[in-house]
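Chain E is fixed; fit chain V onto it per the hints.
Protein chains in written order, with the numbering used here: chain E, 871 to 1612; chain V, 871 to 1612.
These are calculated hints, taken from the structure and not from any lab test.
None of the hints are false.
No copy labels: a pair is met if it fits in one copy or bridges any two.
With a cut-off of at most 27 angstroms between alpha-carbon atoms, the simulated BS3-like pairs for lysine-lysine come out as follows:
no., residue 1, residue 2
1, Lys1307, Lys1385
2, Lys1238, Lys1045
3, Lys1304, Lys1385
4, Lys1508, Lys1466
5, Lys1065, Lys975
6, Lys1304, Lys1238
7, Lys1526, Lys1563
There are 2 protein chains.
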Amino acid sequence: MSDQGATPIPTLAPPIPSGRPPKMTNRGRTAVPISSSNSETTDIPEFEPFGMPGPRGFPPMTEYLDIWDVDMMKKPDESNRIQHRTMLFNTDYLIVRRGQEFQVKIVFDRPYKPGTDIFAIEFAIGSSPQYSKGTYIPVFLTKARQSSWGGRIIGTADNTVTVGVTPTADCIVGKYNMYIAVKTPFGIRRTRQDKTRDLYVLFNPWVSDDAVFLDDENERQECVMTEMGIIYHGAYDDVSERNWNYGQFNFGVLDACLYIMDRSEMLITNRGDPIRVTRKASAMLNSRDDDGVLVGNWSGDYTYGVAPTSWTGSTDILLTYASSKMPVCYAQCWVYAAVFNTFLRCLGIPSRVVTNYFSAHDNDGNLKTDIILDENGRIDRGRTKDSIWNYHCWNECYMSRPDLPTGFGGWQVVDATPQETSDGMYRCGPASVKAIKHGQICFPFDAPFVFAEVNSDVVFYTRSKDGALEPVKVNRTHVGRMVVTKTPGDVTRRDITDQYKFPEGSAEERAILEKAEEYGCQREKAEPSEADVDLVLPTLDVQLGDDFELSLEFINRSNQHRTVDTHISVNVVFYTGVTSSEFLLRNPTVTIGPNKTVKELVQVESKSYLKNLVEQGNLHVSVTGKVEETGQIVTAMKVYALHNPKLTVTVSDGGKVNEEMTATVEFTNPFTFGLEGVSIRMEGSGLMLPKSKYYSLIPARSSLVWTEFFIPQRVGSSRVIVTLDCAALRQVSGQASVTISR
Amino acid sequence: MSDQGATPIPTLAPPIPSGRPPKMTNRGRTAVPISSSNSETTDIPEFEPFGMPGPRGFPPMTEYLDIWDVDMMKKPDESNRIQHRTMLFNTDYLIVRRGQEFQVKIVFDRPYKPGTDIFAIEFAIGSSPQYSKGTYIPVFLTKARQSSWGGRIIGTADNTVTVGVTPTADCIVGKYNMYIAVKTPFGIRRTRQDKTRDLYVLFNPWVSDDAVFLDDENERQECVMTEMGIIYHGAYDDVSERNWNYGQFNFGVLDACLYIMDRSEMLITNRGDPIRVTRKASAMLNSRDDDGVLVGNWSGDYTYGVAPTSWTGSTDILLTYASSKMPVCYAQCWVYAAVFNTFLRCLGIPSRVVTNYFSAHDNDGNLKTDIILDENGRIDRGRTKDSIWNYHCWNECYMSRPDLPTGFGGWQVVDATPQETSDGMYRCGPASVKAIKHGQICFPFDAPFVFAEVNSDVVFYTRSKDGALEPVKVNRTHVGRMVVTKTPGDVTRRDITDQYKFPEGSAEERAILEKAEEYGCQREKAEPSEADVDLVLPTLDVQLGDDFELSLEFINRSNQHRTVDTHISVNVVFYTGVTSSEFLLRNPTVTIGPNKTVKELVQVESKSYLKNLVEQGNLHVSVTGKVEETGQIVTAMKVYALHNPKLTVTVSDGGKVNEEMTATVEFTNPFTFGLEGVSIRMEGSGLMLPKSKYYSLIPARSSLVWTEFFIPQRVGSSRVIVTLDCAALRQVSGQASVTISR
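Bound conformation, chain E alone:
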């Protein structure tokens, strides 16, 4: 080391620092901060001079228009709200849908002089409004100067001018500030920002130029305008219903939806694109990564929050998130789907909640769900790690897909449930339902994952002594057994399985599975020979607390005797298909004469399952066996969703708008033990906001009655829906229909 001055003096370099750095600025990275918040606004100056003022400043501009008042015509019964179908929103603002004209009345200080007076209506959104980004839109009212949003003068009367404004059908969705700007020879003079003139612009499924255009009024009424919904659960052959109040028109819900996008730091400029909006929202509805809306919990322990089964609607969840700015506890799949549905309907994207029975959920887009049997044909629970959800709920939303080749618009799957075990997928979709049906899973977003949820095979392996596995049975029809949603305009369910899959066993189905394989999905190729003994489990309707009998039917299709070493296992399972406890186990040897049928009876006593029950009261029966004569494997699996006791809900007669009514909930604890820490929740669209009561104890066999007063807000039919929830008994519900007249 040589130096030619007093220094340089070398020292040991400091260690390389790591860790959370101080908060970064955009310096060096971007010219200005990019707007990703709809709640931040920039005030546009009240006067923009064209040049320098003269020596005495600008002359008084009394001869130019002055604005006295602006009427947004925003009352629920005014034409803007009715024609834009936003009359149900409980709001103080004008809410319109894009691609469709709305009217504003401007009152000047004197009559308007066409040809002489020049004014424009300006709209701005976000913190850095910019013409070229569509965040600042001046609307001119003459044919000569057209801007992107249409503008025209509809009529004049005295000092009042009625103006029509048509936002483009692809404009940004959110909350705009509005200004009136008057041109003078010296500069632009504009109104001060006035919050009461803020304008919300939503997606518009009624307009053909909008990417969310849905050409079916019945569907639009259901998928945008309907607040009360039904979400299906249970089992494919014993479907249960949950009522849900989406509440998309409730006070504060629209602002909460915009807050969700702000919280995700979604660029303002992307908020007109339903593909980006829905994809971002699928990430934001769960709390993973981004402190989104809902925390998932499948454990059965909901001590620090509300049990997923306890919610009656989305309003509480969204308003709590928007006010606390922290994730809300807790959700499971239908809660994610329901709140996502509120978000979508609120913004005007047609959407519905669908339920897929036997959803292959945790296999990360693989088309195989593996069940490992030991060499005696019994399920090896230690080695069987895949699970099939009894059901899974997701959303479909309707939009065109300009990012894909033609043919893949229409319904799109989006799913906000975090796929924690599938390589950390915390967002899913939009994936075209048509692309899934046709095996075109090479297109964004996440189509292979959704394809596997409805198309996986269940592969049974036996494990030999030295550890090798051999496929012995492939069930190609179990998964994706049925996909259902609520019928538009009705309270019945609609089977939409055919929108996801061609019929099982059809030539198309086979061709499409082969196509999916070309795109990298792995399938089991083995075709193990089918056993000549069939095993059928009964369909049962069992009340929680009942003893019941399982009658297993063994059908010998051969001309010889068959002896089946059978393993019958009855388990309490979570709805995710995960076993909580095995409480009944039988290993009968069943002998069946040639071409005969034998019934094996198994008694299931309530005392054996009640003490092990978790969550939704699902019992999973699996029967596996090995035919002694052939070595072939026989299997059958079925989920029995036990029926919970019901709440009785009654509503007083003769409902009229603004006249007080009562709703009464009755419940009797049917058990021999007390129920502790019981929450009851009640709500009803257009009837009442969510209400809840908490009981520290409902003693054995004891009853409660809760009567609540409410004042209906609008005409039409609706429902009061109620849930009861405690650690020992979940998913108890009741409802009553109400028709309100004027």
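Structure of chain V alone, referenced to chain E:
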């Protein structure tokens, strides 16, 4: 409220809780925790009995094989390492590439009896090894029992058996535990887990069944085996180089790469798929969301970390991340790309760093970059919010794309630089380069974004008095001006622009832009008439600290006089194109005779730019003007990357393996001010690990000399690379070539 017992007592329901919940378990959600860590292992039992022991337990099993020793043949000069091309790894373990046989010698307690003795070699990875998931692989050595991985006995000699094992070409990449299992009539007996027998399996571009197969030895040598790289920066017509030591074979680097995947909680079962591995890594290389490897910082203030320009290689960064388990500060695009390149080459995925000059970076997949001029034709910096990066570096990696239709395999763009201003894209790719070239941007992942980076148009608007914007010039050739990478096997650069785009102006180019538009990319449709005055900026080679002259050439292509009101603005810019300060501004009026050329000279003095300099010493000259006679707009923009002083690096003569050598760095501060807080870093692949020195002050005009001793580790040519970095002067470098003989 009525109750029939003493209770129930209703109380106010507790408020809905929100906030960070207690840590969740997998209970109810999955049957067992899913393995997402390669560092967790499960020990497989040493004895697995086939049945119950007899009354005196199992008999002594002296007649069955006992294992005395296992030789993994893992020394760098042994055939496994040479044939698998892993000899350069500095490691104590056997590292092989999948789809290719390696050998293991097993020493038994007695000679092996073929046909009688039955044993298997077992491999297990992750915490829940499972046959059906490919995480537990028993390898049988007889033709009768084939397992997924090939196995054969190559030879026997005395008690030693040489075994060949061939992992499948799609197996999981990572670290496996190995066991030898001997079958006895009573059960399986196996070796205890022994860390020294752990096996690393990598991707294999030399094997045609591997998804990363690259059929070009020259490319494979460069993109997998080469540690010393060159990354290009500067300007497209004045390209500069950065030397970088990827160091993928350095001790600890492979473990750090596996740690990155563990840290991302990537499922073990997905780690054989290069699509998933590269996508996950593009997210994990940056610290956004997931506490990944590198913290981005473009601000010029690197007080709490290492300046991005100061790094000489990836080793320090990766080892610091793996030991501290916290993000490392700081990175800009080439640092992300360089460390990502190390990750990819280390795991055996062919990869290279590419540089795109004039990268449209912050426009979120939009094909427009907007520049706003005021009505006099001068850039309106307050309203111009898009920026074009002088250059941007990303990675290409080579793989097949079974998830896409045929034709899109080969090089794939992946990018780890967080796109903070593009809707929070913190991962990017893999996007097929062929798909980008052909406008097929409907396929995953993030193709529209990459397409825009090389294909955007620059649109100049003038803003009229009332705020409306009108496009006045569209430059369709500025963005994506050139894409370059290092030539395989050479130290020159290779222009690969033609792999991303058809020639500018060709029919194919136009067709492909139209196709991209079909997939939703927005372009400027206006074709404003071109001005008949051309403006040309000179190409210059300027040393930092020089005064220089800009000669602006105005070419009048018309037959009339032209008068141009010109605005010349010279700015110090970040490499992101963001302006730091405008230090020179001229507004000359230039008059040009018919068909004449006029030169306008602008003097740029070093004193005016030196005090404003940031980062990489980039000056941006923009000239805009309005032709008085026609109202047309004339523009020209150019970046001048000032050339920094160099370090002089000399290395002692006659380099031999294991013989001490010296490297000497010399630097003279050329400025009239002292340089404070100076870091110097030095490293060289196969020569020395990263070393650094810190000088608190290098006085004005003073020199330093730093001599470092080192011992070369391997034969061949390499380079010693050195950087000097301080707040006042960044990106000073030097290098010396070294050839080491035996």
